[in-house]
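Undergrad: One line per chain: the protein sequences are A and B, in this order.
Position one of the first sequence corresponds to residue 1 (the working numbering), numbered consecutively onward.
Position one of the second sequence corresponds to residue 1 (the working numbering), numbered consecutively onward.
Derived from the structure by calculation, the hints contain no laboratory data.
Hints are supplied without guarantee of correctness; some may be wrong.
[What the hints assert, rightly or not] Derived lysine to aspartate or glutamate pairs resembling EDC-like cross-links, with alpha carbons at most 16 Å apart:
#1 LYS190/B with GLU31/A
#2 LYS309/B with GLU382/B
#3 LYS286/B with ASP220/B
#4 LYS88/A with ASP107/A
#5 LYS276/B with GLU327/B
#6 LYS308/B with GLU31/A
#7 LYS190/B with ASP107/A
#8 LYS206/B with GLU232/B
#9 LYS190/B with GLU59/A
#10 LYS218/B with ASP107/A
#11 LYS273/B with ASP326/B
#12 LYS286/B with ASP212/B
#13 LYS218/B with GLU198/B
#14 LYS65/A with GLU378/B
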Amino acid sequence: MGRVEVRFAGFGGQGIGLMGRLVGEAVALYEGKNSVMTQSYGPESRGGASSADVVIDTEDIDFPKATDLDYFVVMSEEAYSKYIPRLKKGGILFVEEGLVTLDEQADKAKKIFKIPATKIAESLGSRLYANIAMLGFLCANTKEIVSEEALLKVMKTKIKARFVEKNLIAFQKGKEHQQEG
Amino acid sequence: MSNQDSEIPVVLTGQHYTTGNHAAAEGSIAAGCRFFGGYPITPSSEIAEHMALRLPKINGNFLQFEDEIASIAGVLGASWGGVKSMTATSGPGYSLMVENIGLGLMTETPCVIINVQRGGPSTGLPTLIGQQDIMQARWGSHGDYEIIALSPSNVQECFDLALEAFNFSEQYRLPVTLLMDEVIGHMSEKLIVPPKEELTIISRKKPTDPPDKHLPYKADDSLVPPMATAGEGYRVMVTGLTHDERGYPDLSPEAQDKAVRRINDKIRLNKDKIIKLEEYMLDDAKTALVSFGTSARAAKGAVNRARKKGIKVGLLRLITLWPFPDEKIDQLADQVDKIIIPEINYGQVTREVERAVHGKTEVKGDFRLGGAIHTPQEILKEIERN
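Sequences are here, hints too, so could you generate the full structure?
TA: Quick look at the structure:
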């Protein structure tokens, strides 16, 4: 496997940074690969678009930033408009379909996976679980980023104990989600 | 304050996934640091934040001062109180600290200053990378002195070199600078913290002679005098003025010659032990890259790409930036036709390399100003030019 670049993006409060952290840590600590996680960092990150990049490689990661995205996991309209130009031609798009309207720029994606992650989370009592539902959906649809086993290990250690159970349910719901059409 | 010998460093042995800033903080704690004095500044603030959370739990102290001038003064004072001490800042804060860093050099006070570099001059680029403080670390304060500055290229090295910075500062009695940069400070990677018993921890030599015979600035052949802690019964004389072995001001050319030569020579004599380099594919290289910090990652990527094309390129990575590896660069100049220096500034290490090659080979800088980092492809293009 060569280098894989993943960007998670949405708005502040959706737990975008946690998505990057969980995936990055799962890959680096439990899958014997290298990963670098970086988060958007600057005055613009407050209240607006938030992003977290994970670069994965079996070799040393010589360039720590994501520039040509193999995967773009997007959970807000603003983040979609801002970063869709970065998706590689033939890259893969994961979309929070309740919050993002795709346009012709998404045509370059080889595959588009859609999930109403926020709705699913709300059915569990809080929209805060949307990020984890999205991770479950991600795991179900690609093996290239991270294994379910590794991700669950990290979730159990990194998520506060009293929230673990609900998050595991959200993960499962995301995993089981069959997209329409 | 005098119980630091009995303190057990709290080492977080195991695997972690964390940022360079947090790794540097943990490396400092593992080295025995129990005092942090500072003023938060982007992109170093997470170090202060982490120390504020950790130190009070391990019998340490965290103090946020009114500014960077007071912070470094507090760090020097804590060190004379017998505690391993540090601060963390970025370029603008370091600018405010340089006067008292000079005091630390003249009074031979062990401490560590972490500079997580951002783009300058002045307030410059608060949230974006720079490697523009290389010369400031070397010459920021006035007068003649040698310094030690180390430059990590990954999260693991932030831990390892923070610990090493403390060891050097204690062994040679001087403020040591860990020159990080914004990208290394904020990126998360795997960090392995070894078991405590596998770490080498160096602490300052203590005097063994009777207090009434003790001369606080009299050194043996190592040129580094033992250091008493205030309150242990020894005279503790601390002045930035030129002083004699007793620590009393002696404003004569002879005293200046003796004191200033010694604080320089204690580093010059030991530079082979202080200079750490990584040599990558240099054996048969016709072109050498010289790089450090974040830039060295892309430089290594460029070497790998060039080698696949059959171009004989290697990398000399400067883990120690100061003292500068003059002899190694001079040897390299005999071997290669060209040295290229990728760095995120307008030619600071390039100037040193030019000096050290003695005109024997071509030297070319590959500069980014603050804010952007080189890609391996961009450095490869620079290698392929000509």
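Undergrad: Decide, hint by hint, whether the structure agrees.
TA: Now the hints, each set against the structure:
no. : hint                   : in the structure
1   : LYS190/B with GLU31/A  : holds, 12 Å
2   : LYS309/B with GLU382/B : holds, 14 Å
3   : LYS286/B with ASP220/B : violated, 44 Å
4   : LYS88/A with ASP107/A  : holds, 11 Å
5   : LYS276/B with GLU327/B : holds, 13 Å
6   : LYS308/B with GLU31/A  : violated, 27 Å
7   : LYS190/B with ASP107/A : violated, 36 Å
8   : LYS206/B with GLU232/B : holds, 10 Å
9   : LYS190/B with GLU59/A  : holds, 14 Å
10  : LYS218/B with ASP107/A : violated, 75 Å
11  : LYS273/B with ASP326/B : holds, 14 Å
12  : LYS286/B with ASP212/B : violated, 61 Å
13  : LYS218/B with GLU198/B : violated, 33 Å
14  : LYS65/A with GLU378/B  : holds, 14 Å
Of the numbered hints listed earlier, those contradicted by the structure are 3, 6, 7, 10, 12 and 13.
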